[in-house]
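I would like the entire structure built from these sequences, with the hints used as guidance.
Protein chains in written order, with this note's numbering: chain A, 58 to 353; chain B, 7 to 447; chain C, 10 to 363; chain D, 17 to 281.
The reader is advised that the hints may include incorrect statements.
Said to hold, decoys possible - Sample of chain C residues facing chain B (criterion: CB under 7 Å; computed from the structure): (1) Tyr56; (2) Arg59; (3) Pro64; (4) Asn102; (5) Leu103; (6) Val105; (7) Thr168; (8) Ser169; (9) Thr173; (10) Leu261; (11) Gly262; (12) Thr263; (13) Ala319; (14) Ala323.
These aren't lab readings, by the way, just hints derived from the structure by calculation. Beta carbons are placed, not taken as given, at the ideal position from N, Cα and C, and that holds for glycine.
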Amino acid sequence: MDELYFFLEVLIGGLLSGTLYSLVALGFVLIYKASGIFNFAQGTMVLFAALTFVGVLELGAPALLAAVVTLAVMVVLAFAVERFIFRHMVNQPQVILFMATIGLAYFLEGLGQTIWGTEVHVLDLGIPDRGLWLGPILVSQFDLVAAAVVALLVAGLGVFFRTTTMGRALRGVADDHQAALSIGIPLHHVWVAVWSVAGFVALVAGLVWGSKLGVQFSISLVALKAIPVMIIGGFTSIPGAIVGGLIVGASEKLAEVYLGPFVGGGLENWFPYMLAMLVLMVRPEGIFGEKIIERV
Amino acid sequence: MHKCLLVALAALVLAGPVPAVAQDQSGDGAEQFIPITSYRTGPYAVGGIPFMDGFVDYLKMINARDGGIEGVRIVWEECETAYKPDRFVECYERLKNRGERGASVFNPLGTPLTYAVIDRLPADKIPLITLGYGRTDASDGRVFPYVFPLMVNYWSQNTAKIRYIASLEGGLENLDGLKIANVHHDSAYGKETAPVLAKQAERYGFEVRHFPVVHPGIDQKAVWLNVRRYRPDYVILRGWGVMNQTALKEAARVGVPADKIVGVWWSCAEQDTVPAGDAAVGYTCSTFHNNGTDFQLMQDIITHVHDAGDGTGPREAVGTGFYNRGVINAFVTVEAIRTAMGEFGARALGGEEVRWGIENMELTDADIAAAGAANLVPPISVSCADHEGGGKVLFVRWTGESFETASDWLEPDRDLVRGMIEESAAQYAAEKGITPRTCES
Amino acid sequence: MFYRETGQYKTTYAADRAIFPIRQDRIGIAILLVVAFVVIPLFANEYWLRSVLTPVLVFSLAAIGLNILTGYTGQLSLGTAAFMAVGAFAAYNLEVRVPEVPFLVSFVVAGLAAAGVGILFGLPSLRIKGFYLAVATLAAQFFIEWLFTHVGWFTNYSTSGVITAPPMTLLGYSFESAESRYLLTLCIVAGMAIMAKNMVRSELGRAWMAVRDMDVAAEAIGINLMATKLTAFAVSSFYCGVAGALWAYVYLGTVEPQAFDVLRSFEILFMVIIGGLGSILGSFLGAAFIVLLPIFIANASGLFGSALSAETIAHLEFVIFGGLIILFLVVEPLGLARLWQIVKEKLRLWPFPY
Amino acid sequence: MKREIGSGPPVTALENIHLSFGGLRALQDVSVAVQPRERLAIIGPNGAGKSSLFNIISGIYTASSGVVRHKGEERPSRMKPYEVARLGIARTFQNIALFPGMSALDNIMTGRNSLMRRGILSEALQLGWARRQEIEHRRRAEEIIDFLEIPSVRRTPVGELPYGMQKRVELGRALAAEPELLLLDEPMAGMNLEEKEDMCRFILDVNEIQGTTLILVEHDMGVVMDISDRVAVFDYGRKIADAAPDDVRRDQTVIDAYLGTAHEH
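Laid out in structure tokens, this is it:
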């Protein structure tokens with residue numbers, strides 16, 4: 058019986074960790090869906106947003122104001138990215154745009170730390186961080202709260218995409234660039250909008266991960282965890298990002314706990330990729346990705 | 007547009023290398039050059055910055071207070087490595103011929119960085135001080151004449167840790183039957199203590215199991231669930247960077263009490279404990295130096311450097327773990343040069359002379375007290391064969407505010423460690439085709 | 010004016026197929042080779058040889074390897090460093106276990122071992138395409154790093170978990186000095202670069218590029234996709250494997266598995282993209298750019314000296330580096346190799362602008 | 017020059033081919049065969065299954081049922097496209113499928129890849145056979161370039177060529193393989209009159225001088241009726257007629273299904 062509880066504990070813990078990966082993967086998916094760009098800078102954007110938030114907070118501003126200021130900064134960043142980078146790179150192949158986001162990642166990493174410094178900033182948003190016994194099963198309160206935040210965020214994005222003009226426009230672009238253009242939405246605005254939304258998601262991710270790890274350089278590394286999530290879920294699907302996160306989180310924890318002891322442990326880094334590879338051998342477009350139809 | 011880019015590239019190519027070839031060669035022997043390689047960017051900058059600030063502040067203090075080492079002013083140049091071996095090699099090669107007599111001694115500050123240059127040292131005749139990190143088996147000075155893992159190497163430190171646990175349990179004999187979990191960074195650095203733990207487990211009868219944490223260690227749930235299932239009596243934390251605080255938090259979540267966790271010194275700074283909040287209170291870790299500012303030497307830094315408005319970093323950092331470690335690193339470096347000057351005269355020294363200085367450095371309690379560092383560091387005595395210098399290990403406990411002393415200066419299991427070091431160094435010598443020098447003089 | 014090909018007629022296909030058909034190019038290359046083989050070893054100091062030029066050459070080789078796979082065959086790889094690691098560890102293990110083997114042979118074995126592993130992780134490419142293929146190479150990346158950290162056999166049970174390259178001697182000559190190591194690297198890299206150039210301009214290279222440009226059409230005209238992709242993985246990994254062995258033997262001497270982490274893979278990918286996808290010359294330019302730029306920025310910022318703290322300078326370097334990459338891509342997305350071509354076009358017309 | 021249509025086993029014969037995607041039936045019980053040196057045209061409205069037929073012949077699609085024969089021998093059912101190509105069957109594509117990053121010459125040389133040996137080391141060193149092979153095949157490729165009258169664009173990346181030129185290069189790439197059977201998927205689409213005339217001339221020359229068997233899908237009825245020996249008409253995945261051009265023109269089913277209606281092709 059104890060073994061079963063332990064299994065459930067690992068599974069639930071893994072699923073909850075997975076939602077935290079999803080949170081980062083969401084930002085990737087939004088940008089990829091709307092513009093076909095694999096945004097290498099997403100992890101750095103998470104760091105940048107969190108640094109800005111903590112920086113403003115430490116200047117004495119209340120949390121809400123800090124959030125608003127940070128969001129404004131992320132919108133400005135979105136404008137700048139569109140105006141100074143991608144406007145000049147229309148019709149370039151995906152890989153070139155990808156490279157530009159690598160440049161952006163370096164730029165933001167340097168800029169954020171030049172302005173706000175490198176020390177670890179403790180970020181306490183009052184999220185309880187202790188184990189919680191649900192009957193015989195120990196669950197992290199922090200992860201529960203974080204999962205709730207992810208759920209809220211996804212719901213919020215859903216509402217945004219369905220009810221607002223810009224949201225519908227974004228969906229239009231994602232579905233068909235030509236169609237979106239033909240109903241008169243300037244592509245520039247769409248890009249700024251989607252980078253802003255991704256900036257917002259980065260802020261949320263930054264706050265959650267920042268209060269988990271402290272705000273410091275290392276939170277940009279969560280992006281490495283988001284990549285298999287996105288690959289399993291598909292690059293263009295928001296539900297895919299969530300399900301991909303759950304799969305990665307649960308599988309890596311189960312693997313570490315149950316396979317780890319036999320091979321010396323430490324297989325969390327590669328197991329999700331091996332799993333993703335197996336998934337792709339069966340479904341080359343990811344679980345929720347759009348079917349690639351090849352015509353000749 | 008293309009033209010702009012080409013001009014920019016050309017300008018960079020032309021302007022870039024200029025300082026790299028311009029060298030100061032005044033040659034009157036009045037300035038001792040010390041190269042500094044630091045990492046102020048990247049994932050480990052959190053610790054690298056206060057460390058380097060401490061290092062530089064100490065050098066500034068020596069210049070301000072004493073006018074240099076034995077009257078020879080210290081000059082230095084800093085080079086950013088970003089904790090990358092290839093950047094460090096570049097820094098090493100760039101700085102090794104600087105100054106009047108070339109680079110005197112390098113402090114790579116990082117185990118992977120140490121590996122990157124070990125091969126080059128004998129040819130360049132430049133010594134390396136790796137204070138509490140680097141290759142453990144380099145303690146065998148016969149095989150590694152130019153490498154000095156001073157104070158205490160990883161294996162000695164780890165044996166002291168077991169002795170500390172024994173002291174909590176009421177004696178070495180009570181170790182029998184204990185279960186110890188070794189939670190380590192999954193890298194060459196992290197795995198390095200596994201062999202010595204195995205030897206000790208054999209000797210004292212405790213049981214040890216290893217729990218690797220994959221880099222960077224931002225999510226360790228599975229590891230700690232495994233640890234909890236193992237139900238260890240003690241946990242050894244051999245972490246690095248962001249892994250430490252996550253480990254402490256995760257331990258608290260699964261109910262491993264902080265006072266049963268004993269960390270290595272790279273898990274032993276405010277940067278590791280403060281972000282973990284309450285979860286870190288009671289956590290103990292090993293160091294080879296004391297923390298705080300209640301030492302004459304630290305007060306001198308405040309007076310001569312920070313009060314003079316010349317502090318490298320923020321004043322609040324003085325006395326914290328990484329800062330003090332930087333100060334100690336600089337202190338040992340300066341004392342080694344002082345020893346060498348005793349032999350070769352008070353003038354700028356080159357690498358080979360400083361190597362002699364390190365190898366013949368002998369700092370007794372009295373010497374240390376005279377330097378204003380009583381109880382800040384243990385005595386050191388380096389020799390041709392023993393490049394560790396016979397340091398001791400101190401344990402400190404996090405109170406939630408600061409680190410308090412939790413033990414005396416503890417002796418490691420030297421006999422056990424020395425045998426392993428010689429064995430490992432012999433393997434290195436065989437693979438590299440090195441004939442170890444003999445140390446009878 | 011100086012770079013003009015008028016008046017140079019090729020009368021045989023063999024002449025037209027020469028690796029550098031234009032006379033000015035041949036002269037240029039000859040000068041470059043003389044500089045690389047004679048002038049640099051004579052005049053460059055140890056700093057340049059050891060810590061700049063040697064790693065640039067090693068990186069160039071890895072970048073050529075990645076370029077064959079990604080630039081020529083269109084298969085994205087984020088596991089370059091893992092294949093380098095395979096090479097480094099294979100060479101080490103061969104040397105340690107069979108010390109009689111000359112080190113050059115073990116470099117070849119390093120390449121072959123990496124090629125084998127490359128084929129293994131290339132198998133998914135038969136089904137997975139585009140960014141999704143990155144997952145297979147990332148799996149290779151993390152799995153191999155884990156393997157070398159965890160299985161003691163690969164490090165000869167060294168207690169420090171690192172490998173140390175044995176000394177390199179050939180016919181009694183020991184490669185110790187910076188010059189000899191630089192020249193050794195240069196010979197290997199130049200030779201392999203010419204071989205790569207030959208491959209990409211013959212049957213093999215056309216098959217690779219056909220797969221990259223349109224795989225369905227390639228197969229319909231008789232190209233065996235599986236064989237071609239796997240050949241690309243094998244050749245690419247061979248290059249990376251040799252680069253890894255050079256990294257361990259010639260450049261650093263001692264390496265740990267973490268020296269070949271995913272960030273190293275990204276670094277090499279940056280080199281390939283900056284240099285130019287599908288260009289052997291670009292691989293060299295990209296490697297030089299990525300290695301030299303931070304050094305130059307650090308030196309240039311040294312000119313502005315003490316006004317800024319060391320910390321700020323270190324961070325500003327990132328800002329400048331990132332900014333330059335962006336500027337670069339905005340102005341010349343096709344990479345340095347393309348920029349060089351444009352310069353050549355300009356020279357061809359100079360001094361007449363049209 | 018008098019051309020004789022062969023009478024032995026057909027170069028390629030499809031027997032009772034069915035093909036469906038999910039629920040959609042692309043081809044139903046289709047049988048069609050082409051004799052050596054014959055010129056067979058396939059016509060029909062969009063979606064009639066013409067390209068599917070080509071894809072079955074070239075191995076890109078696998079038929080749900082039915083048999084494909086090559087010179088009378090039954091082909092394995094899951095033959096890969098490159099294996100088909102090596103039987104001597106080359107093709108062009110409806111939407112040009114050249115390799116845009118490669119020059120016209122390299123595209124045509126790639127067409128000869130299936131005739132070339134591969135040896136990694138020899139090619140890397142460019143010694144011995146590898147070097148001779150490149151030069152020999154280059155000579156053949158140059159002949160094709162001259163034949164198609166495109167020497168001036170030899171070095172141009174085909175992505176930068178105008179449409180008509182690209183069509184020619186694609187024909188050149190198919191010819192480079194020295195095929196026995198050439199499948200041309202709308203070779204005249206999008207061309208002006210002059211370009212069409214050139215293309216017709218090339219196609220007829222290939223057929224008459226080299227004796228290459230042709231199957232072409234084409235919408236231009238004038239061209240079809242002029243150059244083909246036989247016309248097969250498709251509609252909704254079925255073959256509704258298969259006869260000489262003049263007979264097809266008079267066939268009532270064909271007129272109802274295709275020619276008579278308002279198709280503007």
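Each hint, compared with the structure:
no., hint, in the structure
1, Tyr56, "4 Å, holds"
2, Arg59, "5 Å, holds"
3, Pro64, "6 Å, holds"
4, Asn102, "11 Å, violated"
5, Leu103, "13 Å, violated"
6, Val105, "6 Å, holds"
7, Thr168, "5 Å, holds"
8, Ser169, "6 Å, holds"
9, Thr173, "6 Å, holds"
10, Leu261, "5 Å, holds"
11, Gly262, "3 Å, holds"
12, Thr263, "4 Å, holds"
13, Ala319, "5 Å, holds"
14, Ala323, "4 Å, holds"
Comparing the model with each numbered hint stated earlier shows that hints 4 and 5 do not hold.
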